[in-house]
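These protein sequences, in sequence, are chains A and B. Throughout the first sequence, residue numbering follows full-length UniProt numbering, covering 1 to 300 in sequence. Throughout the second sequence, residue numbering follows full-length UniProt numbering, covering 1 to 413 in sequence.
Read the hints as simulated data drawn from the structure, not as lab findings. Hints should not be assumed to be uniformly reliable.
[To be verified] Result set (SDA-like, lysine to any residue): computed pairs, CA atoms no more than 20 Å apart in a straight line:
no., chain 1, residue 1, chain 2, residue 2
1, B, LYS58, B, ALA223
2, B, LYS297, A, VAL61
3, B, LYS285, A, VAL266
4, B, LYS297, A, LEU172
5, B, LYS297, A, LEU189
6, A, LYS296, B, VAL32
7, B, LYS300, A, PRO171
8, B, LYS402, B, ARG383
9, B, LYS297, A, ILE183
10, B, LYS300, A, ARG64
11, B, LYS297, A, ARG182
12, B, LYS297, A, GLY173
13, B, LYS297, A, LYS296
14, B, LYS232, B, GLN70
15, B, LYS232, B, ARG383
16, B, LYS209, B, LYS232
17, B, LYS285, B, GLY137
18, B, LYS297, A, LEU169
19, B, LYS297, A, PHE185
20, B, LYS232, B, LEU65
21, A, LYS296, B, GLY29
22, B, LYS297, A, THR184
23, B, LYS331, B, ALA387
[To be verified] Some chain B residues judged to face chain A by a derived CB distance under 10 Å, without partners named:
no., residue
24, ILE25
25, VAL30
26, MET35
27, ILE42
28, THR130
29, PRO138
30, ASP139
31, LYS142
32, ALA149
33, SER153
34, LYS167
35, THR290
36, PHE291
37, ASP292
38, GLY298
Glycine included, each C-beta is placed from N, C-alpha and C at the ideal position.
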Amino acid sequence: MSRAEPAAVPHTGPAVRPPRRRWTFGLLRNELTTTFRRWRTLALLGVLAAVPVLVGVAVRVETRDGSPAGGGGGGEGGPAFIAQVTNNGLFLVFTALAATLPFFLPMAVGVVAGDAVAGEANAGTLRYLLVAPAGRTRLLLTKYATTLAFCLVATLVVAVSALAVGALLFPLGDLTTISGTRITFADGLGRALLIALVVAASLIGVAALGLFVSTLTNSGIAAMATTVGLVITVQILDQIPQLHAVRPYFFPHYWLSFADLMRDPVYWDDLLRNLGLQALYAAVFGSAAWARFTTKDITA
Amino acid sequence: MAPYESDDSTTAAEAGERDAGRRGIARYGVPVAVMGVAAATIGLVPALADSGDPDLPKISAQQLLEKMAQSDVQQLSGTVRISTDLGLPDLGGLENSLASGALASGAPDGHGSSADPSAKLTELATGTHTLRVAADGPDRQKLSLLENAAEYSLIHNGTDVWGYDSKANEVYHATAPANARQKDRKDGKDRGGDEPPVTPRQLTDQALKSVDDTTSVTVDGTAQVAGRDAYKLLIKPRQSGTTTVGSISVDVDARTWLPLKFTLTPASGGAAVVDVGFTRISYAKPAASTFDFTPPKGAKVTEDHAHADGSAGAREQKSEQDLAKGFDGLKVLGEGWNSVAAFDTGSRDGASASGGGDLGGLLGSFGDRVRGGFGSGTVFSTRLVNALVTDDGKVYVGAVTKKALMEAADRGR
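Using the sequences and the hints, build the whole thing.
Quick look at the structure:
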């Protein structure tokens, strides 16, 4: 296979051929169905759906005798909002997202993103994808779009599972924000949806990072392991106080800022910083992935 | 970015290989450029956004102080950032647990609710914190300490004082007579009564109380704080060389005359010891729902009866009396910024025993052993306050240098 595939970028080339658009959507649909039909993806989503069930049942069992959740007292240990779960099932959505965001969600995204290009190369299918007149840039964008779709679906799976478990095991109703004011259940549901979207957006950076790693190697397993390893390493570095000067630029640094949506009024500063940081990671690693993928030799 | 090669580049293998290599390197320029732009934006935007100090009519320090005294801001909401750097050893969680443990055991009724305001607000003594404040007249105030995925709110609404710790889902409740605050204010007492001073205004009120002939007060230009034009009021001790206070700078809103930022710089230079300022402020009336609080279902509610019994300060007074019983009276030596508080703990065997056993040893390891006309003792230093505990049980505390503290102790004998 020759290097430097023509890879005409459609929107920079003067001759944009109409069939291209159909190709993009066809490619995207194809990618989406391939990804979401994989047993691996379904297993990941199954694990994510099981986390809220575990948390919900554990809280339910622990508080059967009326003792407060989270060990009472200081409420230390245990994910955020866990103390409120027994009184309002909606809080299980927030607790489940807080519990899955540091590890389960980025791990699942790392697996899907790391597999995106390297997995095809591993299976020897990448060259066939490139035979189609879609171009490398377009293929890469499609892969990234699919990964982002997975981020959203994975987050929604956690949220919906948590809402279902919360509704089954605990009462629902008006809730108290962490600022102490009361909001209606409908308002709370709206905030829960907004929080799920913010959590999904928090994974944009990991997805771009995984995609870049995926273009570096022809081994799908290596790409997944590297991405997940990076996620864990950066989170550990983010805990080291001596690194305070660079910590605000680590992609997981503002992840838990989604909880600021439960303040009244909402505290936007860290939320916006988080979204800006994710956009920056997407731009840097997305373009790095593009630089690598459009110029590398495709041998498999 | 390199120009786009078309399909023919693949036919000429040699040239194509070189082109591809060059193009590969050129394309990596894109992520590097993105990073560069981001770094430049992060570095430059704050500098560019700083549009310089606002142009305001000249005003004398006297006029400014008068305006501040007349200032009657009843309604506001905003975000306050507090940084405290006393130079204490960073004990992290240990410090908090020690402080709250001491408070819990020292409280008259011995309860240990995590929603107790005095325990919670001690956390403000170290590090950087973000607070939200809202006020609507003397009867409705709210103060929230923003934590990771949690918040501690202190809400005063009419006769109720609520503390809500969302992390532990615990509630603290006390009742205060409706007009206690207004009476407090009329008597010229501290705003906020039983709460430690945390807003720039409360801190400024405290600082201005000590303004006398040992202090120089000047207007030192203008500044912009939280998007508002402000005068800078500079309070400086005249007795330089002995006090550890370098200067206090207060940024006063040029329209509402409300202090927006309070900075205390130590004489030794370096970072401010206390830096409290609004990062966002609005003088609009806060939504009424801000001050409404009903304990969430299932929350553990702790009623503070010491508060309910009498005036808002009853508990404080009681604990102060308890404290005072332990000492042979409190004397103030010196005047102005050089004041040193002296008291006798009554314990004869000195610093090592004052904390009792291991704790005393631990404290001793933080201090310096000194001797002088007062005998010998241990000096504990922070960047602002120095304390001398003599071996015969006397304690001298002041915002003065170690040397001045020892001289005061000599004189105080």
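Results of checking the hints against the structure:
About 13 Å separates the Cα atoms of B/LYS58 and B/ALA223, which keeps this hinted pair within 20 Å; it holds. At roughly 19 Å between alpha-carbon atoms, B/LYS297 and A/VAL61 fall within 20 Å of each other, so this suggested pair holds. For the proposed pair B/LYS285 and A/VAL266, the alpha carbon gap of about 17 Å is at most 20 Å, so the pair holds. As the CA atoms of B/LYS297 and A/LEU172 are separated by approximately 11 Å, the hinted pair is consistent with the 20 Å bound.
The straight-line distance between the Cα atoms of B/LYS297 and A/LEU189 is roughly 18 Å, inside the 20 Å bound, and the hint therefore holds. Restraint check for A/LYS296 and B/VAL32: the C-alpha separation of about 18 Å stays at or below 20 Å, so the hint holds. Only pairs whose Cα atoms come within 20 Å are accepted, and B/LYS300 paired with A/PRO171 is accepted, the gap being roughly 18 Å. A hinted pair counts as satisfied when its Cα atoms are at most 20 Å apart, and B/LYS402 with B/ARG383 qualifies at roughly 11 Å.
Distance hint between B/LYS297 and A/ILE183 is fulfilled; the C-alpha atoms sit about 13 Å from each other, no more than 20 Å. Taken as a hint, the B/LYS300 and A/ARG64 pair is honoured in the structure, with Cα atoms around 16 Å apart against an allowance of 20 Å. The suggested pairing of B/LYS297 with A/ARG182 holds, with an alpha-carbon distance near 11 Å, which does not exceed 20 Å. Straight-line distance between C-alpha atoms of B/LYS297 and A/GLY173 comes to about 10 Å, which keeps the hinted pair within the 20 Å bound.
A hinted pair counts as satisfied when its Cα atoms are at most 20 Å apart, and B/LYS297 with A/LYS296 does not qualify at roughly 60 Å. For the hint linking B/LYS232 to B/GLN70, the alpha-carbon distance of about 18 Å falls within 20 Å, and the restraint holds. A distance of roughly 24 Å separates the Cα atoms of B/LYS232 and B/ARG383; the hinted pair therefore is violated under the 20 Å criterion. Between B/LYS209 and B/LYS232 the alpha-carbon distance is near 18 Å, which keeps this suggested pair within the 20 Å criterion.
Taken as a hint, the B/LYS285 and B/GLY137 pair is honoured in the structure, with Cα atoms around 9 Å apart against an allowance of 20 Å. Straight-line distance between C-alpha atoms of B/LYS297 and A/LEU169 comes to about 16 Å, which keeps the hinted pair within the 20 Å bound. Only pairs whose Cα atoms come within 20 Å are accepted, and B/LYS297 paired with A/PHE185 is accepted, the gap being roughly 14 Å. A distance of roughly 11 Å separates the Cα atoms of B/LYS232 and B/LEU65; the hinted pair therefore holds under the 20 Å criterion.
The suggested pairing of A/LYS296 with B/GLY29 holds, with an alpha-carbon distance near 15 Å, which does not exceed 20 Å. Restraint check for B/LYS297 and A/THR184: the C-alpha separation of about 14 Å stays at or below 20 Å, so the hint holds. Of the supplied pair hints, the one linking B/LYS331 and B/ALA387 holds, its CA atoms being roughly 14 Å apart against a limit of 20 Å. For B/ILE25, the interface hint holds, since its Cβ comes within 10 Å of a Cβ in chain A; the closest pair sits about 9 Å apart.
Using the Cβ-Cβ criterion of 10 Å, the hint placing B/VAL30 at the interface with chain A is satisfied: the shortest such distance is roughly 4 Å. Because the beta carbon of B/MET35 sits about 5 Å from the nearest beta carbon in chain A, less than 10 Å, this interface hint is met. Interface hint at B/ILE42: satisfied, since its Cβ lies 9 Å from the closest Cβ of chain A, which is below the 10 Å cut-off. About 8 Å separates the beta-carbon of B/THR130 from the nearest beta-carbon of chain A, less than 10 Å, and the hint is met.
For B/PRO138, the shortest C-beta to C-beta distance to chain A is roughly 20 Å, which exceeds 10 Å, and the interface hint is violated. Restraint check, B/ASP139 versus chain A: the minimum CB separation of about 17 Å is more than 10 Å; hint violated. Look at B/LYS142: its Cβ gets to within about 8 Å of chain A, closer than 10 Å, so that hint holds up. At its closest, the beta carbon of B/ALA149 sits 3 Å from a beta carbon of chain A; the interface hint therefore holds under the 10 Å criterion.
Nearest Cβ of chain A to the Cβ of B/SER153: about 4 Å, under the 10 Å cut. The hint holds. Hint status for B/LYS167 relative to chain A: holds, with the closest Cβ pair at about 4 Å, below 10 Å. Because the smallest distance between the Cβ of B/THR290 and any Cβ of chain A comes to about 7 Å, under 10 Å, the interface hint for this residue holds. A hinted interface residue such as B/PHE291 counts as satisfied when its beta carbon comes closer than 10 Å to some beta carbon of chain A; here the least separation is about 9 Å, so the hint holds.
Given the 10 Å rule on beta carbons, the hint for B/ASP292 holds: about 7 Å separates it from the nearest Cβ of chain A. Taking 10 Å as the C-beta contact cut-off toward chain A, the hint placing B/GLY298 at the interface holds, the least distance being around 4 Å.
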